[in-house]
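Number of protein chains: 2
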Amino acid sequence: MTAAGTGSSLPNAAPQLSADASARELVEARLEHLLATPAGVPPHLAAALRHALLAPSKRIRPLLVLHVSEPRAAEVTPALDLGCAVEMVHTASLILDDLPCMDDAQMRRQRPTTHMAFGQATAILAAIALLTQAFAVLGQLDGVSDSTKVRLAAELSAAVGGAGLVAGQELDVNGRDSIVAADGIERLNWLKTGVLFVAAARMGAMLRGLPEEEVEAVGLFASHLGLAFQTADDLLDRTATAGEAGKDVGKDGGKTTLVTLFGEQAAQLSYREHLAKAEAALAQTRITPEPLLTMMARLFDRREIRTP
Amino acid sequence: MTAAGTGSSLPNAAPQLSADASARELVEARLEHLLATPAGVPPHLAAALRHALLAPSKRIRPLLVLHVSEPRAAEVTPALDLGCAVEMVHTASLILDDLPCMDDAQMRRQRPTTHMAFGQATAILAAIALLTQAFAVLGQLDGVSDSTKVRLAAELSAAVGGAGLVAGQELDVNGRDSIVAADGIERLNWLKTGVLFVAAARMGAMLRGLPEEEVEAVGLFASHLGLAFQTADDLLDRTATAGEAGKDVGKDGGKTTLVTLFGEQAAQLSYREHLAKAEAALAQTRITPEPLLTMMARLFDRREIRTP
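Same order as they appear, the protein sequences are chains A and B.
Using my numbering, the first residue of the first sequence is number 133, and each one after it goes up by one.
Using my numbering, the first residue of the second sequence is number 133, and each one after it goes up by one.
Read the hints as simulated data drawn from the structure, not as lab findings.
A few of these clues could be false.
Computed footprint of chain B on chain A, listed as stretches where at least three residues anywhere in the stretch have a Cβ under 8 Å from a Cβ of chain B [what the hints assert, rightly or not]:
| no. | segment |
| --- | --- |
| 1 | 175–184 |
| 2 | 198–211 |
| 3 | 259–267 |
| 4 | 271–285 |
| 5 | 303–309 |
| 6 | 412–422 |
Using C-beta positions, here's what the derived DEER-type ranges look like [unchecked claim]:
| no. | chain 1 | residue 1 | chain 2 | residue 2 | range |
| --- | --- | --- | --- | --- | --- |
| 7 | B | S277 | A | E344 | 14 to 24 Å |
| 8 | B | A206 | A | M248 | 31 to 41 Å |
| 9 | A | R182 | B | L186 | 33 to 43 Å |
| 10 | A | S277 | B | E202 | 22 to 32 Å |
| 11 | A | R243 | B | S154 | 52 to 62 Å |
| 12 | A | M248 | B | S279 | 36 to 46 Å |
| 13 | B | G341 | A | D315 | 43 to 53 Å |
| 14 | B | A151 | A | A205 | 53 to 63 Å |
| 15 | B | S154 | A | P188 | 53 to 63 Å |
| 16 | B | L393 | A | E202 | 50 to 60 Å |
| 17 | B | A161 | A | A206 | 42 to 52 Å |
| 18 | A | A314 | B | S154 | 50 to 60 Å |
| 19 | B | A161 | A | D315 | 28 to 38 Å |
Under 8 Å between C-beta atoms, here's a sample of chain B residues computed to sit facing chain A [said to hold, decoys possible]:
| no. | residue |
| --- | --- |
| 20 | L177 |
| 21 | L263 |
| 22 | D278 |
| 23 | V305 |
Treat the numbers as computed from the prediction; the structure is a model and nothing was measured.
Beta carbons are placed, not taken as given, at the ideal position from N, Cα and C, and that holds for glycine.
Okay, chain A solo, but in the shape it has when bound (with noise of 0.2 Å):
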């Protein structure tokens, strides 16, 4: 069963499949740019950035970014950048959750994780240096204000730090034996995936200078897709292989999901009820809707969710 398939109005994925795939080809350009440019980083260290950052990927933050800050073509450039920079927060935890003491991961977006490429101690550094180089570009972003520089700075830092994506890998690796209700499990999948796509999403509203309340409702639209796309995933890590995911899969067999609580029905319905919220918080802001609804159902139709 697909998203697609759900009865939900998202519009079918191929008329923006190019559009998407030519704004993934503006990122990945940038992130290559953007690792090239620092001077003085060890050889061994400017690899491991590169393995992990340019590892094949669907970019959904910073295409979420971009089709949020709707920028124009002569503007495009901070809103790339602003995207690059969540993406590298992302490709940040996704090193240290694939580290021996969380995960244990061998394989990554189809490669050997960094720690399993470069060696532990350079995966965790190269880690610190894509989250500190986060903050850098926020600080370079060309042409923006700096009290927009520093509340972009504001939320990223909300969205990594204590309360944040730390404190869902925290749970994720020390608190899940204590999960026991839905409410538990969703705020584990918002801390995990749902606090930077609301952070990503958030930022471009700023970026775009979008009042107070369109920020925040675009901030309810990333977090129901963000946990709608977490509860995809643990669907998906039960039943896809390992080719199909482009990781190790089954690693969460022995963690508590909404999938493991309440059986894969009712996570496959708690899924498609956040799409469902997603759409209408979207509705109430000026963003043009059919780009990011035509991500979400190219993400969520790919992700094709089988019982076994």
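We have chain A; now place chain B onto it with these hints.
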């Protein structure tokens, strides 16, 4: 032999002792306050953050910020918070340096290293949380202009990133074998220690609104201070007991340092030269030199560098 006995014009430590001690108390109370503020931090992670950040420490970097920015009483909070942000970054770097895949240290600041006490995953996450909070603190400096905040964040991210502290640790772990000359060691010492000393001093000068040439001069001062400090640390590692150092010693036994390359006497000479150059650079600024020179004297007075 101590710094005080090297012919340097460093003043006697006694008069300033109480001033620095009370500044250190201010720093520690403020660190505790900053840790207490964020909601939503999982308890195990929060305990790790307190363990690492509130451990006994000389708080050199916050004192450096305070002595450079010389806040009037009413302006103490931004300088104090800036110092705390630097201390958060420094503590994050210590947590990571101590990991099994890096220096594999058991003790630090008189207590078990963070990964020994809380596990590797939580230790790594604590480092990320501290680093991220440092950027958050910069964004919230009371009464400081957005343009200064942006400038401070740029300085901090450059000091930490792939060409800063992270590069130093990468070279320390994976590049020591290739270091065969004094300038290689000095570069490594600069990256491991000097870079954050320099950032602390420069940020203090920026906060104070000093002109660019004085920001440069105080950066040069801190650079020499940092190199002296790292060389003293290498000397200390060879000669102190664990009890004296408050951390594992002799861990650097297999590593190339100025001491292993050229012997203790040459290392001591280099260390004294850096102290003299630090003083000369400081004299090019309007900063009251006594508190900084006294801090240096106390710092190196403690590190009795004995021939075994």
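Here is how each hint holds up against the structure:
no., hint, result
1, 175–184, "holds (count 4)"
2, 198–211, "violated (count 0)"
3, 259–267, "holds (count 7)"
4, 271–285, "holds (count 8)"
5, 303–309, "holds (count 4)"
6, 412–422, "violated (count 0)"
7, B:S277 <-> A:E344: 14 to 24 Å, "23 Å, holds"
8, B:A206 <-> A:M248: 31 to 41 Å, "54 Å, violated"
9, A:R182 <-> B:L186: 33 to 43 Å, "38 Å, holds"
10, A:S277 <-> B:E202: 22 to 32 Å, "30 Å, holds"
11, A:R243 <-> B:S154: 52 to 62 Å, "54 Å, holds"
12, A:M248 <-> B:S279: 36 to 46 Å, "43 Å, holds"
13, B:G341 <-> A:D315: 43 to 53 Å, "49 Å, holds"
14, B:A151 <-> A:A205: 53 to 63 Å, "58 Å, holds"
15, B:S154 <-> A:P188: 53 to 63 Å, "56 Å, holds"
16, B:L393 <-> A:E202: 50 to 60 Å, "58 Å, holds"
17, B:A161 <-> A:A206: 42 to 52 Å, "50 Å, holds"
18, A:A314 <-> B:S154: 50 to 60 Å, "52 Å, holds"
19, B:A161 <-> A:D315: 28 to 38 Å, "37 Å, holds"
20, L177, "5 Å, holds"
21, L263, "7 Å, holds"
22, D278, "4 Å, holds"
23, V305, "4 Å, holds"
Hints 2, 6 and 8, counting from the list given before, are not met by this structure.
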